[in-house]
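Put chain B on the given structure of chain A with help from the hints.
Residue numbers (numbering that gives the first Met the number 0), protein chains in the order written: chain A, 0 to 683; chain B, 0 to 683.
To be clear, the hints were calculated from the coordinates, so they are not data collected in a lab.
Be careful, since some hints might not be right.
No copy labels: a pair is met if it fits in one copy or bridges any two.
Said to hold, decoys possible - Straight line, CA to CA, 25 angstroms or less: simulated PhoX-like cross-link-like pairs of lysine-lysine:
| hint | residue 1 | residue 2 |
| --- | --- | --- |
| 1 | K75 | K99 |
| 2 | K663 | K235 |
| 3 | K241 | K254 |
| 4 | K115 | K235 |
| 5 | K235 | K264 |
| 6 | K104 | K330 |
| 7 | K21 | K235 |
| 8 | K661 | K340 |
| 9 | K513 | K477 |
| 10 | K513 | K330 |
| 11 | K661 | K241 |
| 12 | K661 | K330 |
Take a look at the letters that make up each chain.
2 protein chains.
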Amino acid sequence: MTTATIHPFDPLRPEEITRAGKIVRSEFVEEDVNFRVITLKEPPKAVMIGYLEHEHRRQLERQAPLRCARVELIAKNTSNKPELFELLVNLDDDVIISRKRLEGKHSYIDSSYMQKVEAACLADERVQEEIRKLKLPLGSTPIVEAWAYATDGMNDMTERITMCWFYCRHIEHPDANYYAYPLDVCAEVSEQLRVTRVYRLPGAPNERVNNADHPYDHQKIHATSASEYHPDLRPKPRDTTKPYQVVQPEGPSFKIQGNSLNWEKWSFRVGFNYREGLTLHDIRYDGRSLFYRLSLAEMFVPYGDPRSPYPRKGAFDLGNDGAGINANNLKLGCDCLGTIKYFDAWHNTQSGEPLKMPNVVCCHEQDDGILWKHTNFRTGNAVVTRSRMLVLQTIITVSNYEYIFAFQFCQDASIFYEVRATGILSTVPHHLEQQGRTPCGTVVAPGVLAPYHQHLFSLRIDPALDGHKNSLVIEESKPMPTGDAAVHNPFGVGYYTEDRYVEQEGGFDLDISKARVFKFLNENKINPITGTPVGFKLLPQPSQMLLAHPDSFHAKRSEFGKHAVWVTHYEDDDHFPAGRYTMQSLGGDGIASQIQKRRAAGNAQSVRNADIVVWHTFGSTHNPRIEDWPVMPNEKMTVGLKPVNFFTGNPGLDVAVSTQEKNKSVLYTEETDEKQDTCCGARL
Amino acid sequence: MTTATIHPFDPLRPEEITRAGKIVRSEFVEEDVNFRVITLKEPPKAVMIGYLEHEHRRQLERQAPLRCARVELIAKNTSNKPELFELLVNLDDDVIISRKRLEGKHSYIDSSYMQKVEAACLADERVQEEIRKLKLPLGSTPIVEAWAYATDGMNDMTERITMCWFYCRHIEHPDANYYAYPLDVCAEVSEQLRVTRVYRLPGAPNERVNNADHPYDHQKIHATSASEYHPDLRPKPRDTTKPYQVVQPEGPSFKIQGNSLNWEKWSFRVGFNYREGLTLHDIRYDGRSLFYRLSLAEMFVPYGDPRSPYPRKGAFDLGNDGAGINANNLKLGCDCLGTIKYFDAWHNTQSGEPLKMPNVVCCHEQDDGILWKHTNFRTGNAVVTRSRMLVLQTIITVSNYEYIFAFQFCQDASIFYEVRATGILSTVPHHLEQQGRTPCGTVVAPGVLAPYHQHLFSLRIDPALDGHKNSLVIEESKPMPTGDAAVHNPFGVGYYTEDRYVEQEGGFDLDISKARVFKFLNENKINPITGTPVGFKLLPQPSQMLLAHPDSFHAKRSEFGKHAVWVTHYEDDDHFPAGRYTMQSLGGDGIASQIQKRRAAGNAQSVRNADIVVWHTFGSTHNPRIEDWPVMPNEKMTVGLKPVNFFTGNPGLDVAVSTQEKNKSVLYTEETDEKQDTCCGARL
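For reference, chain A alone in the conformation it holds in the complex:
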């Protein structure tokens, strides 16, 4: 049996994908089938708890949970109408467990369909006529960028609609940055690849619809040095950056077997799926359970330009695009420095065969400066340790934009989740004479507006601190009252912390002014020294929440963007804070609605001392800078998880002190060039 050494958290292996595909295909003999997803259906937690307990006690007689695949496919029947199906397949017995048709739902973006949309759009006569009217310079190539339609209430959403934005290349290079030349043409394409509308885009803040049919303004064509990023099209790069290499003469400190990773005192399992990309499971430190699962659950990118059709720009980069399916094939020495372990992933072809995605995750160590230091001022003796981090990085490309996601594990038992936004801004055309007057965008090049937008991420945290019954506590630091005889605070300097245990599911906001801290505690486990429940705390990335009006489709479709911290009672497969099917969704499927539905149905369970999931919404209100153009230097966001009275002391206290003998640093000796010195700063 090929599954002999498969762990229940392991993604489906290629042979499992093949098998699931075959089993399912036999169910759809008549139809034209497009396999969108063949992925692991993770085992129920109730089953896994026992399994993991056995595993960590190294008990061999553990019962493996059922191995199960989730399959999503589009079947076209004889009337050529696409229908979305979800099936669950029992891979132990090769049988289909369930099959349902998902009425009114759409699968995530199909890149081969999008290519057909682009071709159909360019082949359309009205589109061709509109492009002719632009009178583009000779040799220019129009480019169509197909986007999922973000619901704005103006169309029936039962069929797929694609928004086609137009750009242009003025130079003959396949990697020329066409986002530097947005055209003011727009087209809409139907499920059946029919162009349903062609129109012009507004080019000024006060322009609501642009029917001028004017030609393309050739003054918008500018020097390549200002808008190109590809080395072929750039002047010679700076040569001042000297090589910098990371050498690990004894190899890395991690040990990897399959998807199991051990590093310093950490252990966890690496997962991956088409939607969330990298997932982490069964995270332990020094043998103690910390988190059952960590993953990015969703990302929403709403654009803030009110002019039609821009409200249709609102991307669910996980639900619509997929962080897994869009993961980059990472390259040694470029995306990752040092000694690197790469993880591959397996997706599926349209016909249900396995498709290898190489190097989608890199794993490596980084030096992170000083971990801790103390100098005894009485003896002058310094004790200093360096901080080593383990990084698991994955990078995704979503059309113009990229995100770099990294889980960072530290020797002091803290975890950081870092997001870097980079890539190319989404651009729209802008009249040249409107340069400075742009209430919701930044002009980044002549005739190029980069509209304001937000990036809202949802990090899903499934704590399992010394067990699966945990509580969410909101701590605030508050000044003690003065002038209150019952409180001893004669000098007015006293402050205290107040802990509020959250009892019900819901969303909460940050409050920096109260140093509000969200803690996950295990009330059943009291720290022997502090006398308080063991716990971890969230170090949030303080962020503005969704700006769109609560009644807007952006708001109704995202839901998680309303509050910074959400807590829900754990449910299997509840991984979707904006709903599972976000493509052209109408709203009402997100985390707030789910909570509301459970409450309305009388099914709301207390989240106190229960199996809870915490969701952190963070991101950026990205009002572009011109410095983000033509490709954006990374913008970092960081979320942390730190023990708070979980251990009985600094978990990194046993890290060996740093020595020059091991670290082999080099002393820089100053260049002395008297002439230079005299010439740039000397006193004569």
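Structure of chain B alone, referenced to chain A:
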């Protein structure tokens, strides 16, 4: 002349310190003189602007400003009364420019005086009697930790008062962590080294004064492994962390001549003084002026325990202690990794001679992951650059605690200021039976309470963006109204930014919910592409402000802790947001009072399009975790400065793409150990 190649921003050279000392000593023939400070008085900005313009145009005929020393000394006259003096010395002509006695002010902490205080305290009979009553175990050594007295209004502040806290070593090792054994004895020592009071400390939350005279509870003595950090006293450290080396085969990318530093497109000058430690001057990118000066201006650490005498714990770590004078002598391979340039500093002895402080600043490069990346999804071609940072790091020890300060320069023209807090928590005694009941502290070991406290830093930012007339602008991102006929927002998704120019000096708060951004703009310089003023923005570290009551001495003495962002009109020597003389200060000298005084006197100048200084207050409300014990893994805080429509594109666009050829990474090949695999996670 020895000053031949001295730049006006260079700290005083040893021979200048000697000369200043000699000149001043000749003024105090009769008195016993203790030189506290002989430091550079930086030239007036009005003079420096012209000088720097000439310098950067490489004009040789520039007039050097007067070289001037500021001297602070304590002179004891025949009646042995210490008096504080400040003198300014013209080093070009060897004459004293000014001399004033500072009535009612105290100089910063004098470590040799503090040693005398400790000795006097231990020699005192009442202290000895109190220690006898404790009945410490045989071989235990009591230790006195002398602290500056934080004003609480209970004493006349004209003379120095020192608070003496008592600890104990139970093992014979000079680096044993005595903070693990706080004793409940306290003593106060006068300027004349007389013990004025001896008493017991409270040991329970509800205990206001402890007069029990009870002996030391021997059950508080615990295993060394829980409280010691020195390798001699620790079990064998973990041996899993493999060596990690940074190799720069062609040397570093920086070029240093004296205090002038060039790296990538950056140039600036490194300064250092006893109080602020590291200062940076005349910071430019690609030849364009960005900042006239950057420095940490103050740090306040108020403790939140209301019980007397703990309100007397409130440390101004710059004003009272000095970030320069307490800077560590950094070690190659331990404090810094890679190719390292060290800067030395010069202070002065009590007798006015130069005193070398070696290796107080290290300068090195770091790889910082990916700078920017884009993959063209149509061609699959990825272009990726790595981010190199230049780090200037200095580390200070203030009694039990350490701070690691680092300015980080990036290739995209951003600057980060990172603070890491580490070291040992300040501890107080606690009754064993009170373990869990601690409203304002955490029990970190038996009988050891680590009280709540705050760290509030003031980063002083003197912008000079393309010139010295700059403005502070508060940008907010706001939803567009809906249902307003005058505003086109039919789908409710529109949002816009609103800029408010600050006209008057004052303090401002952050507002994450509005994505409030503080920008420094030069209104006289319009970006040719965006059509908006060129600028930089502050990326603040969102922090709770001072918790102490506004009427408390903590609040009155710190002032800058009230708001996150302050703006003032530039004045020479205005570097002190909590006042210049913070030792036992009474308040009324800080940034708010200075603003108020100028306003009251009718001297308030507009800060719009003016020479402004921006002060950012940030820090942490540090409610200790047991994981911070016995030595704290670093807690990071980061402030950033980023261009916002200052350039005409990504300033790091010309960084060469990453290549494996230069970076020489190594591919990790999985270990395959079937037995292990089967034993920890396999399905049998």
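Structure-based check of all given hints:
1. K75 <-> K99: For K75 and K99, the Cα distance is within 25 angstroms only inside one copy (15 angstroms; across copies 93 angstroms).
2. K663 <-> K235: between (34 angstroms within a copy, 22 angstroms between copies)
3. K241 <-> K254: between (32 angstroms within a copy, 12 angstroms between copies)
4. K115 <-> K235: For K115 and K235, the Cα distance exceeds 25 angstroms both inside one copy (38 angstroms) and across copies (64 angstroms).
5. K235 <-> K264: between (46 angstroms within a copy, 15 angstroms between copies)
6. K104 <-> K330: For K104 and K330, neither the intra-copy (37 angstroms) nor the inter-copy (62 angstroms) Cα distance is at most 25 angstroms.
7. K21 <-> K235: Answer is neither; intra-copy 53 angstroms and inter-copy 56 angstroms both fail.
8. K661 <-> K340: The answer is both: 23 angstroms in one copy and 19 angstroms across copies each meet 25 angstroms.
9. K513 <-> K477: both (7 angstroms within a copy, 24 angstroms between copies)
10. K513 <-> K330: neither (44 angstroms within a copy, 39 angstroms between copies)
11. K661 <-> K241: Classified as both: same-chain Cα gap 23 angstroms, cross-chain 9 angstroms, threshold 25 angstroms.
12. K661 <-> K330: between (28 angstroms within a copy, 13 angstroms between copies)
Comparing the model with each numbered hint stated earlier shows that hints 4, 6, 7 and 10 do not hold.
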